[in-house]
Every structure is written in structure tokens, then in C-alpha cells.
Amino acid sequence: MVNRLANFAHHQLLNSHLFKLQSNLFDAQIAVATEKKTQQYSGIPDQSERLVRLEHLVNQSEQYITNNEVADLRMETQDIALVGIEDTLANMYDMISDYSAGERRDPEQVEQVQKFAYQALRDIQGFLNESVAGRYLFSGSRTSVAPADLNLGENLSDFQSNWDGQVHKFPETRDANISEFGVSDTFTFTTGGTGDNQYMQVSLAGYAAADYDTFEVGSSINISGGTSNDGDWTISAVDTTTGYIRVNRKDLTDETSADTFTFTRGSDEPITISDTMTYTGTTVTAAGGAGTFSNIEVPATISINSGSGNNTMTVTVTGVSSDGSSITVSEKTATVPGGAEAGTISVSNYYNGDLMTTKHRVDENRTIDFDTNALNPAFDKAIRALSIIAQGQFGTAGGLDQNTGRADDALWLLDSALDSPTDGTPPYGAEENDSIEQIRFNTAFNRQQMTNSIDREKRTINFLETSIGEVENINMLEATTELLDIDRALQASYQVLSRTQKLGLANFL
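According to my numbering, the stretch in the sequence shown is residues 1 to 509, in order.
Certain hints may be false.
[Claimed, not checked] Derived DEER-like restraints, expressed as beta-carbon distance ranges: (1) Thr253 <-> Thr358: 52 to 60 Å; (2) Gln63 <-> Val132: 17 to 25 Å; (3) Asp419 <-> Thr358: 43 to 51 Å; (4) Thr253 <-> Gly291: 48 to 56 Å; (5) Ser184 <-> Glu297: 55 to 63 Å.
[As the list claims (entries may be wrong)] BS3-like mimics (lysine-lysine), calculated; alpha carbons at most 30 Å apart, straight line: (6) Lys20 <-> Lys115; (7) Lys332 <-> Lys36; (8) Lys20 <-> Lys36; (9) Lys359 <-> Lys115.
Derived by calculation from the structure, the hints in this document are not laboratory data. Given the structure is predicted, the values throughout are model-derived calculations rather than measurements. Here a beta-carbon is modelled for each residue, glycine too, at the ideal position from N, C-alpha and C.
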């Protein structure tokens, strides 16, 4: 047998060369297909650290863009809600202005303006409870909680049952409207005052005189816990010297006296009745008997000029007996128990969020504050303006027809809510200058900052990707030439291997 020229060592050397060429060909094919020098950082050891840093900066910029786009969507939705509130208030301003210029006691005019004021409150509540992806926009940092609950009830009648406009009035000042706290203590109740200035005085055993400054005149408080005077009351006075609060009450004295009643209802002509009246609880009976009150339409407001002076006040007529001999009036009575009673006083407002400012990082070096919540003075002024119009049923002592000056007060508040500062004197004392216009301006400014940041980050990404390309991208002409060279070298190596496999000593003998 004739041996081949190639030996084992030579064969192994040729194979290793072939395998290396095959590996190089594979790498070159991948490089041409992906247009990248290498698929691993180890393939460019002198540039890998720089490449990682550049890629990190790109990812960071992309994340800023995403965050800003999400925040911009929230602020765009917030601005849409603000536009809705602005349009609602502007429409109500025009409607109340028309009402003010007309017959303010006309039943149809009063009914219409109160109905639309109530609907506007519902609209504002809806706008303030706007959310994006389950995150409420006006709740501060409590984005999972609906911020506004205006306690509107199911309809206007429910609202007016709660806020009668006389004994239980809607808070007229910001401090009274946004006050919120609760205290459990032992209370001492006393009564005093006469006529329309009657009050119930409440002293808290655990309060020093100075502690009463937590209460605000005009606030609505709720007394609970099983006391003799559980219910809703409006604070009429706060004393931080002696230490007490007073709330409104309306309590007729049981007696018989010669009185004069003046009945008013809307634009109807007043009706005056003078007679000897007997008071029993909420029922007043005329000595004249049947027919005395037959012409009284309810509800109506009655101004009592009492002969004894005990019952000189303004109350609401809620019913007339079938024979017209007596009327039923509304009261808000207070009970003086034999001693102190344990209970709870709570003061709540319409806002369920918090006052924390949410910060949004626009880029690595800048943040902006999101601090607009439903408790903003602009919203508060709007809510108070509409509520003082909507409160009080027509014809009652707390109704709009009996308190026509509320329209002027509401117009000032609405004007200030839309665009502050406002000319004229604030009806309920100094007000803060925040307005819907200013909130929208702040929102637009923040959105512009985010838009500018998005543009900057996109330009930064383009620059960084250019730098990354310089590090990891191939020169296609050079890479293709190298691929062809390796392919030709591999083919030649296979030919050499094949030729040497066929050679033996017999070929030379």
C-alpha cells in the first residue's frame, strides 16, 4: 500500500485554518447583514465603555420623552376640564346678569336661574373629578381619590333641603367653606338672643378660649354622638376670649299676643294680617278663625311684628290649615339639657384630596410643580357663587326671591373666579386672587416647558445615535470587500485541502 504525503499534523493544521476562515466568514456575514461591527461589547474592547454610556444616555432621553408625553396628556386633559369650567362660569355670569337686570322676584326667573346654578355645580363637580387612566387630575398626590364632592344630593330640592338659605346657609367665605376638622368632647349647650338673632351657644370642656379660633364664622358644623342637639348648624359667632361658639337657631315662643304678619312671596304683593295670634310649637292660630290665612300661598316668607316682642322674626310658612285658621312655620330649635353631654363636632368641606405638590422631572436638571387642586381659590369662589344662588326654596325666608342681593354677590365672585383681580368691593371680605385664567396660563406654561424638553431630548437622541453609529456601525464597502476576500480565501483553502488529500507517493514513482 502506498501512503499519502499528508500526515496527521498537516491535516490538523489545514482544518484549523479552515475553521478559522469559516468563523471569520460567519462574522463577516453577520456584520454585513446587521451593519454592526460586532454583536458583543467584547468585540470592541477599546470602545465598549463609551458605547455603554452613549446607549444609557439614549435610554434616559427616551424615558424623559415618555414621561413628558404622559404628563402632557394629563395637563392637556386638565386644560380641557378648565375650559369646561370656564365656559360654564361665563354662561352663568351672563345668566345671573340677565336675572339681575330683570324682575328678581319673578317666580319663573328665580326658578330658572336656580335650576341652572345647580346644574352648573354638577358640571363643575364633574370637571374637577376628571381623570386619566384612573388618576384624578385635581386631587393633589391622592390621585386615586375623586377630589370633589359638593354634597349636591339627587336634585335641586335635595340641595335646598340641606341649605335653606336662612338658618343653615351655605358658607359665604373661603375660610368657612374649606374648614375641616373634628373634635370629640363634652359639650355644654345654652340658648340666648331674640328674634332673628337667636342662637345656641356651645362650650367644649376640653377647649381653652384660644382654641376656638379653629372654628370659622359661617362654617357648617355637624353635631353627633347622641346629644340633645344632633344635626347640622351654621356658626354665627366665635368667641376666643370667653371661649364658645354660637350657631343659628329659630325658635318661636309659645304664647298669645297681638301681632302683625307680613307675607311675601316672589313678586306678589305683600299680604298683611293683624290679629291676636296663639303660638303652639310650629303652629300659629289666628283669633279671627277660618279664612284668616286662606289667601296665603306656600311656601311664603312671614315677617312677624310681635306685640310682646318675643316672636319678632322672619320665618317660613310651610303649610296652611284647610279652613285657613292657622299656619305652620319652620323652626330650628335647640334643647338645653340638664347637664353637659358627650358628643362630636365635625366640620367638613367638599375636597377629598390633599395639599401636597406633585413634582414632575422634565429632564435631568429641571422639575416643574403640579400644584393645582380642586381646593384652589378660583374653584372655591365659583362654588360659593353658584351655591348662594341655588340655596333656599322660592318663597321661603332663605329663598333667592327674598334675598335678591345674592345675585350681585355671586356676580362679583364669578368675575373674580374667571379673571382676578376684580373691580369693586368683595361682598364677604378679602378674597384670594387666583382665577381660572391664571390656572390656564400656568398649565400652558408647564406644557410648553414639556414640549420644549421633548424637542431637546429628540435632538439629543439624534446626536447620540450618530456617535453610537460611529462606534458600532461598519463601513459597508470595506465590510463587503472583506467578506469577499474571506470567501475567496476559504474556497482556495478547500481546494488545497482537497488536492492534498488526493496526493500520495504513487504519484511520484
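How the hints compare with the structure:
1. Thr253 <-> Thr358: 52 to 60 Å: With Cβ atoms ~56 Å apart, the hint holds.
2. Gln63 <-> Val132: 17 to 25 Å: With a Cβ separation near 19 Å, Gln63 and Val132 satisfy 17 to 25 Å, so the hint holds.
3. Asp419 <-> Thr358: 43 to 51 Å: violated, 26 Å
4. Thr253 <-> Gly291: 48 to 56 Å: violated, 26 Å
5. Ser184 <-> Glu297: 55 to 63 Å: violated, 45 Å
6. Lys20 <-> Lys115: violated, 89 Å
7. Lys332 <-> Lys36: violated, 85 Å
8. Lys20 <-> Lys36: Measuring from Cα to Cα gives roughly 20 Å; hence the hint holds.
9. Lys359 <-> Lys115: violated, 40 Å
Going through the hint list in order, the structure does not satisfy hints 3, 4, 5, 6, 7, 9.
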